[in-house]
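Number of protein chains: 2
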Amino acid sequence: MIKNLLFSFLILLSFNNYITAQQSDSAIIGNFYREALTSDEGYNNLRYLCKNIGHRVAGSIQSEYAVEWVYKTLSEMKLDTVYTQECMVRNWERGEREYCYFNSEMFGRKELNCCALGTSIGTGKDGIKANIVEVKSFEELQKLGRKNVEGKIVFFNNPAKQEFFNTFEAYGDAVGPRVHGAVEGARLGAIGIIIRSVTLAKYDFPHTGVMRYADSVTKIPAIAISTNDADLLSRYLKMDKSLEVYFRTTCEEFPEKVSHNVIGEIKGSVYPDEIIVVGGHLDSWDIGEGAHDDGAGVIHAMEVLRIYKALNIRPQHTIRFVAFMDEEIAQRGGRKYAEVVKQKNEKHIAALESDAGGTVPNGFIMEATDEQFNKISSFRNLLMPYGIYFFITGGSAVDIYYLKDLGFPRIGLMCDSQRYFDFHHSANDTFENIHPRELKLGGAALSSLVYLIDTYGVQ
Amino acid sequence: MIKNLLFSFLILLSFNNYITAQQSDSAIIGNFYREALTSDEGYNNLRYLCKNIGHRVAGSIQSEYAVEWVYKTLSEMKLDTVYTQECMVRNWERGEREYCYFNSEMFGRKELNCCALGTSIGTGKDGIKANIVEVKSFEELQKLGRKNVEGKIVFFNNPAKQEFFNTFEAYGDAVGPRVHGAVEGARLGAIGIIIRSVTLAKYDFPHTGVMRYADSVTKIPAIAISTNDADLLSRYLKMDKSLEVYFRTTCEEFPEKVSHNVIGEIKGSVYPDEIIVVGGHLDSWDIGEGAHDDGAGVIHAMEVLRIYKALNIRPQHTIRFVAFMDEEIAQRGGRKYAEVVKQKNEKHIAALESDAGGTVPNGFIMEATDEQFNKISSFRNLLMPYGIYFFITGGSAVDIYYLKDLGFPRIGLMCDSQRYFDFHHSANDTFENIHPRELKLGGAALSSLVYLIDTYGVQ
Chain X
1 MIKNLLFSFL
11 ILLSFNNYIT
21 AQQSDSAIIG
31 NFYREALTSD
41 EGYNNLRYLC
51 KNIGHRVAGS
61 IQSEYAVEWV
71 YKTLSEMKLD
81 TVYTQECMVR
91 NWERGEREYC
101 YFNSEMFGRK
111 ELNCCALGTS
121 IGTGKDGIKA
131 NIVEVKSFEE
141 LQKLGRKNVE
151 GKIVFFNNPA
161 KQEFFNTFEA
171 YGDAVGPRVH
181 GAVEGARLGA
191 IGIIIRSVTL
201 AKYDFPHTGV
211 MRYADSVTKI
221 PAIAISTNDA
231 DLLSRYLKMD
241 KSLEVYFRTT
251 CEEFPEKVSH
261 NVIGEIKGSV
271 YPDEIIVVGG
281 HLDSWDIGEG
291 AHDDGAGVIH
301 AMEVLRIYKA
311 LNIRPQHTIR
321 FVAFMDEEIA
331 QRGGRKYAEV
341 VKQKNEKHIA
351 ALESDAGGTV
361 PNGFIMEATD
371 EQFNKISSFR
381 NLLMPYGIYF
391 FITGGSAVDI
401 YYLKDLGFPR
411 IGLMCDSQRY
421 FDFHHSANDT
431 FENIHPRELK
441 LGGAALSSLV
451 YLIDTYGVQ
Chain A
1 MIKNLLFSFL
11 ILLSFNNYIT
21 AQQSDSAIIG
31 NFYREALTSD
41 EGYNNLRYLC
51 KNIGHRVAGS
61 IQSEYAVEWV
71 YKTLSEMKLD
81 TVYTQECMVR
91 NWERGEREYC
101 YFNSEMFGRK
111 ELNCCALGTS
121 IGTGKDGIKA
131 NIVEVKSFEE
141 LQKLGRKNVE
151 GKIVFFNNPA
161 KQEFFNTFEA
171 YGDAVGPRVH
181 GAVEGARLGA
191 IGIIIRSVTL
201 AKYDFPHTGV
211 MRYADSVTKI
221 PAIAISTNDA
231 DLLSRYLKMD
241 KSLEVYFRTT
251 CEEFPEKVSH
261 NVIGEIKGSV
271 YPDEIIVVGG
281 HLDSWDIGEG
291 AHDDGAGVIH
301 AMEVLRIYKA
311 LNIRPQHTIR
321 FVAFMDEEIA
331 QRGGRKYAEV
341 VKQKNEKHIA
351 ALESDAGGTV
361 PNGFIMEATD
371 EQFNKISSFR
381 NLLMPYGIYF
391 FITGGSAVDI
401 YYLKDLGFPR
411 IGLMCDSQRY
421 FDFHHSANDT
431 FENIHPRELK
441 LGGAALSSLV
451 YLIDTYGVQ
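So the protein sequences, as listed, match chains X and A.
Heads up: the first sequence is residues 1 to 459, going by our numbering.
Heads up: the second sequence is residues 1 to 459, going by our numbering.
Next comes chain X alone, as it looks inside the complex:
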């Protein structure tokens, strides 16, 4: 395509009006991008994490292999400091492969692609079998009342809405039943719940994710089925309201275990005691390989260190990388990190985290004062040529949330969200679904913002 315009695609030039005043920053950021795009080291690191270690739910043996591997990899980077930070984590195991089918006297038996929700209790080895009540919302469930729900399995079949441009909004809008469905079902006497996987994709992968119980409410087992199978089950239910569903899960929670955050630092040349922390979470769910969630984020943040070393740039403030443990279940790593920061009274300038996948980065979302937001947004014109255009408030990322109240901005890398929930929390979250250039751009974007914060501060 487009022969005559190929040579004139000089996007960088067209932004010259923005950047003339900051030519040398622009050149340095250009170097960050060049280094990120021409090195395969981060991509190969992600391959190792996904393929040689694999999924790594907090408390698992793989999660500790991942801790060892990150520690070893940081050590080989000749950083100024590398250490681990102990934290206790919950220890939930999925157990045997889950099994689910429906049985209809009219239509026979059909197996459904399913997985237990994270931290769910198991059904016991005999499984559970009951009639189904399908609802789209908690309101609908309430209206049905105990008489229609008691002894049954509640099927929450609320599709994530395609009309949202940002799929994180679609996810937020649809995820309620996954988190709270078991409690709401149990309050009305349900014996289990099935949720429609929280994804915009129409396919056969079931998606897990954390769910919660309430102290005063009976714990009932919870599974997700794929969106294809949710549509199928719903269709069959319309034809045969008496059909029964069986499912069997053997997940179980064991006593808490010791795990670790992994930390590596390049000391600041001017302000060694003032820290810019940048991280991702090392744990993942226990299906797939945790490539997008959040292997990519860990690699993005490690790339900040690697790129600084490769370009031989010494930061003014200390850049601290943290691979956080246990984001998915109880955020024990993030909590521990914040606890230690407070104990030691460490001074932070800013906290950055990448936990929005390994697709093309397109901005930063932050929790910051107006002054901080304005300062950070002033970097926008330097990053626009690389497609970093969203500078917005409204959140950041989970692990750095616990640093709130310390007065410095918390910043999440935003990545294009269109494909993210095709992978998220499913067996489809594999290394093959990460594009090397898209991954590399995440590391470049994060490095560039760290550089600008290190150089100009946040207020």
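Heads up, a few of these hints could be off.
DSSO-like, lysine-lysine: derived pairs with alpha carbons at most 27 Å apart [as the list claims (entries may be wrong)]:
(1) A:309 with X:161
(2) A:129 with A:161
(3) X:51 with A:202
Okay, the calculated bits of chain A under chain X, using three or more residues with CB under 8 Å as the criterion [what the hints assert, rightly or not]:
(4) 26-40
(5) 157-165
Bear in mind the hints are in silico, worked out from the structure with no lab data behind them.
Ideal Cβ placement from N, Cα and C applies to all residues, glycine included.
Place chain A on chain X using the hints.
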């Protein structure tokens, strides 16, 4: 990931400061996006074009099936006008599957993944066999001179550079030998050329694309090999300079044929004689399915019509969709369209084309006066919430290029380029590599700009 920020990912809201003055435009554009994202019609149309028709090089029987299918599909949309526009096209056929290997006395024989370049002559059924001279540039070739090149096959092994952020720039930088290599090689007595496929991906797909001969220079056959095989061949050449390459292609050019552009219109309610033209090119290369290049562009542009009809919006100016024929080889469709516009003295307001793939749209690149550019760029704040942030000059798209000198702006839809050249001109350009939501966003972006131009003009 990111539980606490999911509900606060209210990107649209954060842009409210930009859009309060244009609330109703914002609402209308929201409707365009909702309609695009919640309908599968465009995606299913692309499936039909790719799977039931397949690739469709100009002059092929498939390209005429595609013309018939677009005509039929437009007719079913109950537009005001549907017609075809005849044009003569070149008629090049690839012939039998290409075959290439190298043979080394030291290392034996190895087959290479190859394809003929578009419009190349064939080798004849016996193929050609010769020693290889590897170069990275025309300059290097010139330095070698006739004594080192005569009777040999020139291997242009210049990798597309990863360091470019926009991969169209990497393509433009690397594509020279594909287009002009056969002429430059033949001038020094080479008997054939092999180029490294013009892609940033490292894999086994060879990439075709148009090449040119010069009247006064002997025509020699030209093929591309995959990037993996280019690396392999280069490695073996270093170890054995005497190795020989054989390749065989049976491509051939036949007399020109009649083909067609396909046109459909929604008449303007206020200015029926003033036209906003929006299109993509219906032809593709003859390997793969032409999904990204340019099935996606055709669907994007058809979506403009579909969305206007679905939302029951009557434009003020006539919206004219054109599926252009023969972009890849000689642009006979684009030339014919411009010729007829001039003959009939038709008044156009603007021309838009989508020919940058089916990935996430991120802007518009245009050829326009300063005044037009400023006017169109003033729409930016309305489109930023949907990730449309590049508004730049420097090109547009090939088919609408021939409308230059008529004084109205020509505008190309820009899409995220990171993955594009993984597909472009290769057997990897298939429907499976199009993401439904990403495709839909392209139609929404194009519709939104058409709406804004229809409402506010271009100057």
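Results of checking the hints against the structure:
no.	hint	verdict
1	A:309 with X:161	holds, 23 Å
2	A:129 with A:161	violated, 30 Å
3	X:51 with A:202	holds, 19 Å
4	26-40	holds (count 4)
5	157-165	holds (count 4)
Checked against the numbered hints above, the structure breaks only hint 2 and satisfies the rest.
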